[in-house]
Amino acid sequence: MSVTTAPLMEARDLAVNFRARRKVTRAVDGVSLEWRRGEILGVVGESGCGKSTLARALLGLLPPTAGSVTSGGAAVQGKPALRQLRRHVQMIFQDPYQTLNPRQRVATIVAEPLIVQGISGGDHEARVRRALDDVGLEPERFLDRYPHQLSGGQRQRVAIAAALVLEPDGLICDEPVSMLDVSVRAQILQVLIELRRQRDLALLFITHDLSLAWSLCDRLAVMYLGRIVEQGPAVDVIERPQHPYTQALVAAVPVPSEQARIREPLSGELPDATSIPPGCRFHPRCPRRFEPCDRVDPPLLATPGKGQLAACLLHDPELAPDAVA
Amino acid sequence: MSALLEISGLRVHHGDRPIVDGVDLSVQPGEALGLAGESGCGKTTTALALMKLLPATFTQSGTMTLRPPNVEEPINLERRTEAGMQQVRWRHVSLVFQGAMNSLDPVKRVDHQIAQAINLHERAAAGDVRARIGELLTTVGLTPALGRRYAHQLSGGQRQRVMIALALACRPSLVIADEPTTALDVVMQAQILELLERLREQLGLALILISHDLGVLSETCDRIAVMYAGRIVETGPVREVFSAPQHPYTKRLLDSLPVIGGPRTLAPPIPGGPPDPGDLPAGCRFRPRCPYAAEKCLEDPALREVRPAQAAACHFAPWVEWPPAQEAAVEGAAG
Amino acid sequence: MSERGVRQLLFQTWRGRLGLGVLGLFIFLALFGSLIAPDDPDASSLVILGGISADHWLGTTEQGSDVFSQLLVGARVSIIVGFAAAAISALLGATVGLIGGYFGGWTDRILDAFENWFLVIPQIPLMIVLARLLEPSLGVLIAVIGLTSWAGTGRIVRAQVLTLRERAFVERARALGARDGYIIRTHILPNTLPLIFANTVLIVAVAILAEAALAFLGLGDPTRISWGTMLENAFSSGAPSAGAWWYVIPPGLCITLLVLSVSILGYLFEEYVNPRLREQG
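Residue numbers (my numbering), protein chains in the order written: chain F, 3 to 327; chain X, 9 to 343; chain G, 216 to 496.
Same shape as in the complex, but just chain F (with noise of 0.2 Å):
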């Protein structure tokens, strides 16, 4: 796995409101964010925290409101920059049962993104049939078939085929397995890490299922309200976490193990994105809440943890100089 200096992309203070009616949805707040080359970054959180949004923001489907996205050091916006990050950075869905075209066949399907990129069609078969090898797609096999006539493993597997048949150099998977059954899941996760050693692909894995994050994830990124709450190396993230709301996930991830758990889940629910707490938008909740923590609002601090950084109070050496998060 190499890791190259330049970032395959790289956002910096990037915001996404979304406004209907007088309310503000602010659904990205404030996000800086490194993805490596042949790196797989891990985006983790609950539902509505924002995962989906920073994804579609990073491959410009959705318009900053503020901040930037760069890749390769050129900033990503206007026609011809997104058009080219396009053919670097694919993206692939999370239910596989609307993924694809229902009046497409497979070859179609495959072949559309060099159509769209206006690729000359000389080698288009060839392409199209190695993509559909590297996924474990027959293509004698499924070329000709319709959506409709496959499994959902089979449809999320036409969906990646698509996606790499431009050769891109990363992927964004937004809960690409959470849709499928266990053993299926099992069998798309390998298609994605044995791309990752043959191409060097690096992945963007959102995923609310941390047990996944841990076993995939180099790094990972817990997200809260629209913010990185956590960042760092995803086995020292969710063996040690160093943010509460992390600690809380942890804990709340279900082992089938041999001893009984001792549970204490977190409680409430993730706010609303249109009234966010202030100060730390975490505090309502967090059971380690001190008194500094609904008027500050913290910025990723360093951790103990080598390359660990956490948005939390208690790391900050001035405000909580004894504490031991």
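Derived from the structure by calculation, the hints contain no laboratory data. Beta carbons are placed, not taken as given, at the ideal position from N, Cα and C, and that holds for glycine. Any given hint could be a false lead.
As the list claims (entries may be wrong) - Which bits of chain F does chain G cover? Going by a derived footprint, with three or more residues having C-beta under 8 Å, they are:
| id | region |
| --- | --- |
| 1 | 88-94 |
| 2 | 276-289 |
Claimed, not checked - With a straight-line Cα cutoff of 20 Å, these simulated SDA-like cross-link-like pairs (lysine to any residue) come out:
| id | chain 1 | residue 1 | chain 2 | residue 2 |
| --- | --- | --- | --- | --- |
| 3 | F | 25 | X | 259 |
| 4 | F | 81 | G | 397 |
| 5 | F | 81 | G | 261 |
| 6 | F | 81 | G | 386 |
| 7 | X | 259 | X | 273 |
Stated by the list, open to error - Where chain F lies over chain X, by a calculated footprint (3+ residues, C-beta under 8 Å):
| id | region |
| --- | --- |
| 8 | 194-205 |
| 9 | 258-266 |
| 10 | 274-283 |
| 11 | 306-320 |
Fit chains X and G to the given chain F structure using the hints.
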């Protein structure tokens, strides 16, 4: 102690396709039984068959006996007519459907819907019904004021709690919950599971929890039954089944689950997919995908006790150690 | 719609066979009616409102023309007007629905207002006014009927496009950098066609009835014989009170049968399209 629910030889056919093919299950009063399996294995059909809610295109056979605590005679569900079933449903057994939180009536307030459930089964004064609704909502961790809201004004987690409140409306002794946490994220899931646990303690409720998520089942259930292609392939206490599975399917399923703190490699997935009910393999149904398949497996294995309280449908059980797997050559390995 | 599915629906259900059969018969008449008619439908004779006889199977009109021949020839107008008006309606409705639904914003609002206007206007009075203002001819008739029935299609198409626009495969295409025209052509339109088709078939029925109504009110093309004009002539010449039921009932019956057959087919397609939509949706 006689079982609260005893299902024997349950078979459900859709035309000539066997969806459920000889299932035996029992649930003790106050016990939580997990029914695990992937989509298409027949677990939801089993629940619907139990409640006799399957459409007319399905035929079912087998006995289903219910012995609720405050009832003299055991209730033979298979013999009940529709009218007879209406007396049983909700009063003794209730069901939280899969995706139920999306099936609340969008144009009625929540309390109205709960009241409806109560009034359908009991004659109670309006004041009592109101009190009961408040009690139910509190029991599931919601403030009674939320009863005045409509479904779209509640979050996914809240709606799921309302569905559970609905299921408890007539104080049944058994609740069947079909994938109660599937559409919820980890935190909400933990809350709902904790709620179910609390309800079991407080109300002495027996629970059949259906899920494809083994982690969820391990948290809440006492015993677990694993289903594959319409049959039960393993049963036993949850801890035992998960620490020492006795059927290759269970083992492979457990292996394919990533576990925090465990190894960071993903085990090779089970190749292929479950068989089509119209085209079942001869002998053991898992044979085409089983890494340990042998000649003997062309003979249908019976579900038998292989360890204390643990039963498996595999000729080679009990398994003390799992030998290295020879990957089965499977047609159509892309699932 | 898969070809196999449609064929099965049409040929293996009794409704499909009935609808196809009756419609097929009338289309045949529209094409060859004038060839097989025993008499020249315009030819007059001295047998005024004559009853059923060997020479005149359905009797004669007030001008002594053969009712049966008129009936056979009248099919042509109904079919032509029905299908042509429905085609115009489909084209207009689909275009407006597609553009408004896909682009949204002010485009949609303006088109929507435009559509609402047409929806709200009472059809028959508008048709009467327009037919009055313009010289009556088949073309005008077709235009008028088309203009007053497109709005319904437009509504349905717009609703469908709104859902399609949000589907993952459209988003995927956008993520590739596909342009609007491409997306509409490749993704939106093909998934809307079944709906448009089903709806249009029903509009054919409406158009046939509308033509009959207008003709009955004296606003049809006077140079052409249609069932509607037959009814108009019959009533204005006092055929009902003269007891000439063979003049009054057959055209009405034919209109009913044709409309019925088209409706059966239309509902068949709609039924087919809808569960598919639910499945895909």
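Are the Cα positions of residue 81 of chain F and residue 397 of chain G separated by 20 Å at most?
holds, 16 Å
Establish whether the coverage given for the region 274-283 of chain X by chain F is satisfied; the threshold is a Cβ-Cβ distance below 8 Å, and no fewer than three residues must meet it.
Since three or more residues must qualify, the claim that chain F covers the region 274-283 of chain X holds, with 7 doing so at under 8 Å.
Could you grab the alpha-carbon distance between residue 81 of chain F and residue 261 of chain G and see if it respects the 20 Å cut-off?
violated, 79 Å
Take the region 194-205 of chain X, compare each residue's beta carbon with every beta carbon of chain F, and decide whether three or more fall closer than 8 Å.
Contact hint for the region 194-205 of chain X vs chain F: holds, 8 residues under 8 Å.
Is the listed coverage of the region 258-266 of chain X by chain F valid when you require three or more residues with a beta carbon under 8 Å from a beta carbon of that chain?
holds (count 6)
Within the assertion that chain G covers the region 276-289 of chain F, do at least three residues meet a Cβ-to-Cβ distance smaller than 8 Å?
Per the Cβ count (0), the hint is violated.
Need the status of pair residue 259 of chain X, residue 273 of chain X: alpha-carbon distance at most 20 Å?
holds, 16 Å
With a C-beta cutoff of 8 Å, work out whether three or more residues of the region 88-94 of chain F approach chain G closely enough for the coverage to hold.
n = 3 at 8 Å, threshold three: holds.
Sort out whether residue 386 of chain G lies within 20 Å of residue 81 of chain F, counting only the CA atoms.
Since the Cα atoms of residue 81 of chain F and residue 386 of chain G sit roughly 16 Å apart, the hinted pair holds (cutoff 20 Å).
Under 8 Å between beta-carbons, do enough residues of the region 306-320 of chain X, three at least, approach chain F for the coverage claim to hold?
Since three or more residues must qualify, the claim that chain F covers the region 306-320 of chain X is violated, with 0 doing so at under 8 Å.
Check whether the Cα positions of residue 25 of chain F and residue 259 of chain X lie no farther apart than 20 Å.
Not satisfied, since the Cα-Cα distance of roughly 51 Å exceeds 20 Å.
When each numbered hint is compared with the structure, violations occur for hints 2, 3, 5, 11.
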